[in-house]
Amino acid sequence: WPGSGAGGGAGPVRLAGMEGQELPYVLIDCIGGRYGVYEDHAEFMEKYFHLITMKEYLENKKFLSKKIRAIYMWYHKPVINEELLQSLPNLKIVASSGVGIDHLDLNLLSSYGVKVSNTPFVVSTDTADLGMALMLASSRRLVEGYQLAVSPDTEYFPADWLGTEVSGATLGIVGMGTIGYKVAERAKAFEMKILYHNRNQRNKEEESAIGAIYCKKIDDLLQQSDFVLLSVNLTPQTHKLIGKRELALMKPTATLINISRGLVVDQDALVEALQNKVIKAAALDVTYPEPLPRDHPLLKLKNVIITPHIGSATKKTRRLMMENMMESIQAGLTGLPIPNEVLL
Amino acid sequence: MFRSKAFSLLKLIPLMPGQSDLAYKLIHPAIASHGHRCHRRSVDYRQGYKTCPSSAEGRTINAPQTKVMAEEELPGVLILDIGGTHGVLENLAPLLKKHFCLITMKEFLENKKEMSKKIQSVFVFECRPTVDRELLESLPNLKVIGNSGVGVDHLDLKMISSFGIKVTNTPHAVADSTADIGMALMLASARRLVEGCQIAVSPDTKYFAVDWLGVEVTRATLGIIGMGSIGYKVAQRARAFDMRILYHNRNRRRKEEEEAVGAHYCEKMEDLLQQSDFVMLVVNLTPETHKLIGKKELGLMKPTATFINISRGAVIDQDALVEALQNKVIRAAALDVTYPEPLPRDHPLLKLNNIIITPHIGTATVQAIRMMAEEAIANMLSVLNGQPIPSEVLPK
Chain D
1 WPGSGAGGGA GPVRLAGMEG QELPYVLIDC IGGRYGVYED HAEFMEKYFH
51 LITMKEYLEN KKFLSKKIRA IYMWYHKPVI NEELLQSLPN LKIVASSGVG
101 IDHLDLNLLS SYGVKVSNTP FVVSTDTADL GMALMLASSR RLVEGYQLAV
151 SPDTEYFPAD WLGTEVSGAT LGIVGMGTIG YKVAERAKAF EMKILYHNRN
201 QRNKEEESAI GAIYCKKIDD LLQQSDFVLL SVNLTPQTHK LIGKRELALM
251 KPTATLINIS RGLVVDQDAL VEALQNKVIK AAALDVTYPE PLPRDHPLLK
301 LKNVIITPHI GSATKKTRRL MMENMMESIQ AGLTGLPIPN EVLL
Chain X
1 MFRSKAFSLL KLIPLMPGQS DLAYKLIHPA IASHGHRCHR RSVDYRQGYK
51 TCPSSAEGRT INAPQTKVMA EEELPGVLIL DIGGTHGVLE NLAPLLKKHF
101 CLITMKEFLE NKKEMSKKIQ SVFVFECRPT VDRELLESLP NLKVIGNSGV
151 GVDHLDLKMI SSFGIKVTNT PHAVADSTAD IGMALMLASA RRLVEGCQIA
201 VSPDTKYFAV DWLGVEVTRA TLGIIGMGSI GYKVAQRARA FDMRILYHNR
251 NRRRKEEEEA VGAHYCEKME DLLQQSDFVM LVVNLTPETH KLIGKKELGL
301 MKPTATFINI SRGAVIDQDA LVEALQNKVI RAAALDVTYP EPLPRDHPLL
351 KLNNIIITPH IGTATVQAIR MMAEEAIANM LSVLNGQPIP SEVLPK
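Residue numbers (the working numbering), protein chains in the order written: chain D, 1 to 344; chain X, 1 to 396.
Hints in this document: simulated from the structure, not taken from any laboratory. Hints may be right or wrong, so weigh each one.
Stated by the list, open to error - Once the Cα atoms are required to be at most 27 Å apart in a straight line, the calculated DSS-like pairs of lysine-lysine come out as:
#, chain 1, residue 1, chain 2, residue 2
1, D, K300, X, K351
2, X, K206, D, K55
3, D, K92, D, K66
4, D, K315, X, K302
5, D, K302, X, K351
6, D, K66, D, K47
7, D, K316, D, K47
8, D, K55, D, K67
Stated by the list, open to error - Examples of chain X residues lying across from chain D (beta carbon under 10 Å, computed):
#, residue
9, K97
10, Q198
11, R239
12, A240
13, P342
14, R345
15, H360
16, I369
Every residue, glycine too, gets a C-beta built ideally from N, C-alpha and C.
Chain X with its partners taken away, still in its complex shape (with noise of 0.2 Å):
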């Protein structure tokens, strides 16, 4: 591991534009500041609750957590399952279990009547157990889904509300990982890295073509569509490679966040896919960002731009895409997210040369499945025990 796993109950953080107006944010120092840049608040977060009146449902928890409660006595969480192709991981398994009484989707089903009262919460691991009005009906004692990444278009949210449940995310967890896969796809595209491996072990390949050519990144332009957190990391690395960054966002960010990563401020996102050698989507899916990508932004990009999509696939308009990348209207593409995933065997998307696709792996890494988990588990305590929360996501 390279973060150490101290635990810091409270602090208080200056607010990132864009986010919501909470006076404190629980923030998990081993998400805040990475590797040998070392400040831990030790804190040990089996500190006693404050329960706090501020909170929406008035909840509270009167004894303090440094009692070792029976497992019975935990609030009860629904995952779909441990281990398999699609359930939790299985070292994730002891930090659910820590806090709460773990119940897969197979126990509620065999034992509804008795399951449903203890479930407090749901934990959604890669956008499954599904929440549907029948599940939320089921569950009478439901207080919060909490979903591990960031991404919630999965969930309708506007519906869960209804029910008075609240939604989390994990938007500190993800922001690192999903910047470097942004990097990584852009390196790769403009270095033809896939097609270069499949070059120097092909059982045909005699020697190596001298004129055998990617582009540069270094010094390239690069624009970014949805300058979040993770919008903002990829500045930041992209900065160490003298790019020139260009942004488009709902809302311009303050002048030193702009001037530390040297980014400009695109009002109209016309002109930041005119300038572009690389254009990168970093924004979340709703129903004002959906299809936000279609064949008008694909004509405005330059005949040499790659285009790369670390969001969702449904920001995109796929069909253009296809049609941009045959007729060479861009000169590539990179997806970590497609529509649906994985796309059909047959989509064109996968005969094309000029692409790169992963499948979905913008925090596939070790450490950030584990700290997605802990900023979840973080976000569903704080509901349970009436604490402000940290990452709630409201419907609009």
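Only chain D is shown next, with the shape it has when bound in the complex (with noise of 0.2 Å):
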């Protein structure tokens, strides 16, 4: 059983062994480039299905569209709309990287009778951990340390260039699943207090291992918090959950940290709070779109740090997604119980 060992949470992968059967067709966008499946992946994946990228699906539908019982779907590609649905009779699942699905029409794919799989434990310690980097970093002011250390023109280390603490701090997780309450037992290891928001309060022994105390109210939270941080998935009700007024609640001395969905925010709402220093920075994985325009105005803000979407960007994470994936991807095909299944 070739599958790697123990990953982010769910247990050890096991892929069924092929032998004496055709190997299954399963649909990417490509392999390698700036989108693709990556090239060691695809190797491994080969022995397991028959890759079909776009390219050639397109070159030779005929034969192909009934073949294709899956597809693989690397980070939103391919792009499924009704008219690829419509083509691929057999289609079975669709298997999808990451833990957000907010791409997805899952009431299309559903009336196809499309079952659709995430990878939500995989990739929560590495958010977790991206999310306190980018707490430590704003706080400390690293990346503009980092320019004072290497820039040509400097010529001593002023005395009186200073951040502030995370030891110690308040941090307000707004968002307490599975990556949430992971940012909690890290932070809780500064001596942070910690505070949370949830659509539902977690236990009292969940609550007491890491000190965290529930916030009913948003507002109780954003008013005490000196880091705020967004990890809530991004759904309807949680579009636009920080707006203008919910900036506004916060201490002019706190930091917002999203690491969640650009959506989540209101941009221009943030834009305006860190331009008149309604709260004091802000440091975000993730914005709307991705990238930014050019010549958007978050990237002119001196107290923004911006990070390209690397929330699960290791290589041992995306491993493991990819082995979660085909791993949903052979039981989907095989009518067992699909490890990982987005239910409507």
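Put the complex together from the two separate chains, hints included.
What follows is the structure in structure tokens.
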């Protein structure tokens, strides 16, 4: 069983050997290049699947359209629309990379009887780590500091160049799912005071394990936090969850950290809040769109750090994502319960 | 301010291995406990000091500190300057003025005859003023050098001691913020945060490539070289990331301390170097630790490993580090300290793309700077009042 060992939480991945059978046909966007399935991943996958790129499919639709039974959606590609679904009569399952599924029309897929899976657990530690990295980098002015250290104009390091402490500060986590909880576990070791807001309160043991205090009203969290970290998923309910009103409730010394989705924040309101020092700073792994247009005001602000959506961007995690997706596809094609199935 | 300013006078605390053998230690509760863990002793610092006959030079203060003393009666403290590029930060001056008559180098040099007798202490902030033999010879009443910060490698301890002058540092005030910077550098390096920021804002960026990857921190192996207060706090933080923690130290920590952070002792530094994904240097700079990490040690590290330095630049052989990074002997480095600081602008370290350098900001927070001043003040006063000294640094 070539599946790799235990990874981000869901247990060891087991992939069925395919001796004596024709390998299932799985549609992907492409291999390699800026958006494609990684070449070393493809090499591994080809032991279990016939990988068909979009290019190959379009060149031989007549034959391939009936053969394709699964789509391996790597970073939102290939794009799935009604036209594609209509031309793949034997499509059973779409495996999507990452945890976010806001880019999928679940109702549409369901109407065609196609199942969906994501990779919710394997991304959680890397994303929590990045949340902590952004909080520390922002608070201690790490990127600015680096620029000062390497700038050709630097003659000395000024004594009055200061950041602010993370240790002992108050962190407000909006969205206490798997990722939010892992952020809290890490923040606790920095002796941070942890507040959280969530649709549902966590149970007492979970709360006391990390010393987290529930804020039923998001306002209470916003008013007390030195750092506000967003780790919700994007749904119609969380769209523009943080807008002008919420930003104004935050302390003027507070920092907003977003590791969820760009659309959870009203970006124009954020620009205004940062320009007018309504809040101190922001650190964003996600924006809308990605990348931002090159003339966007967020790129010009001094009190913002932006990273290029790298929450799960480590070799190990991406490998585990691939293996989890393959496991889901195999289960979907053999009629077994699908690990990490996304239900409507 | 995240911490209260209540000041506790005396507190009996368990000694950590390796610390000097004092029965009592002055601990500022703001240093000892943070955030919402608030058990404050609200003893007002303005209680009268007890004279302590155990103090070496037996200097005593008779008047209790509750009496408001005229500025001239306060002991003189020499500083480089207030404000400016290298001076004591302006908001720290009032803290010093509560207990001392503040004398800048300029004032001293302009009126040596009168000032030299007044100066009983020197507050060294960011390694300034330079304490040399000439200065010490001109300050007959100097009793203590109070250093802001924990590192004292810029002070000639033997020479200062030969004048009968004590040296103190601020180990408690620096620990959290320096441990935080260690974690910040490790995370930033592993996840290629600085590069990522550059891509996110570059005018040439048209898309974010999906094959742009960093390395994991969670569940990786962290090797801590130097497990003092700062190293231990790094271990506490790293444990929450499920890291496997190895450490190398002059002395092994107690079993309970090891178990509390899940740290494994490596008696031989080589074992730590060979097994770690991240190697973090948290030692002080002494003749023994000078160039502790050189070509041999870098060669023992994994080619996928990251080297992090939050101690002193001179603890590593910088040329060997350049070579190791250029030849991919190790994956990357993240340095808060170099030798010198700043590096010459044409130094090869500045040109490498697998390195992050920060401008020695381990304690550069509003809160830490203030706590360091408070801790230094408490130490200097303890010497002048003939009391047990919380953080005296003795020459070897």
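For each hint, the structure was consulted:
no. : hint              : result
1   : D/K300 <-> X/K351 : holds (25 Å)
2   : X/K206 <-> D/K55  : holds (23 Å)
3   : D/K92 <-> D/K66   : holds (11 Å)
4   : D/K315 <-> X/K302 : holds (17 Å)
5   : D/K302 <-> X/K351 : holds (24 Å)
6   : D/K66 <-> D/K47   : holds (21 Å)
7   : D/K316 <-> D/K47  : holds (20 Å)
8   : D/K55 <-> D/K67   : holds (15 Å)
9   : K97               : violated (19 Å)
10  : Q198              : holds (9 Å)
11  : R239              : holds (6 Å)
12  : A240              : holds (3 Å)
13  : P342              : holds (5 Å)
14  : R345              : holds (5 Å)
15  : H360              : holds (6 Å)
16  : I369              : holds (6 Å)
Of the hints listed earlier, the one the structure fails to meet is number 9.
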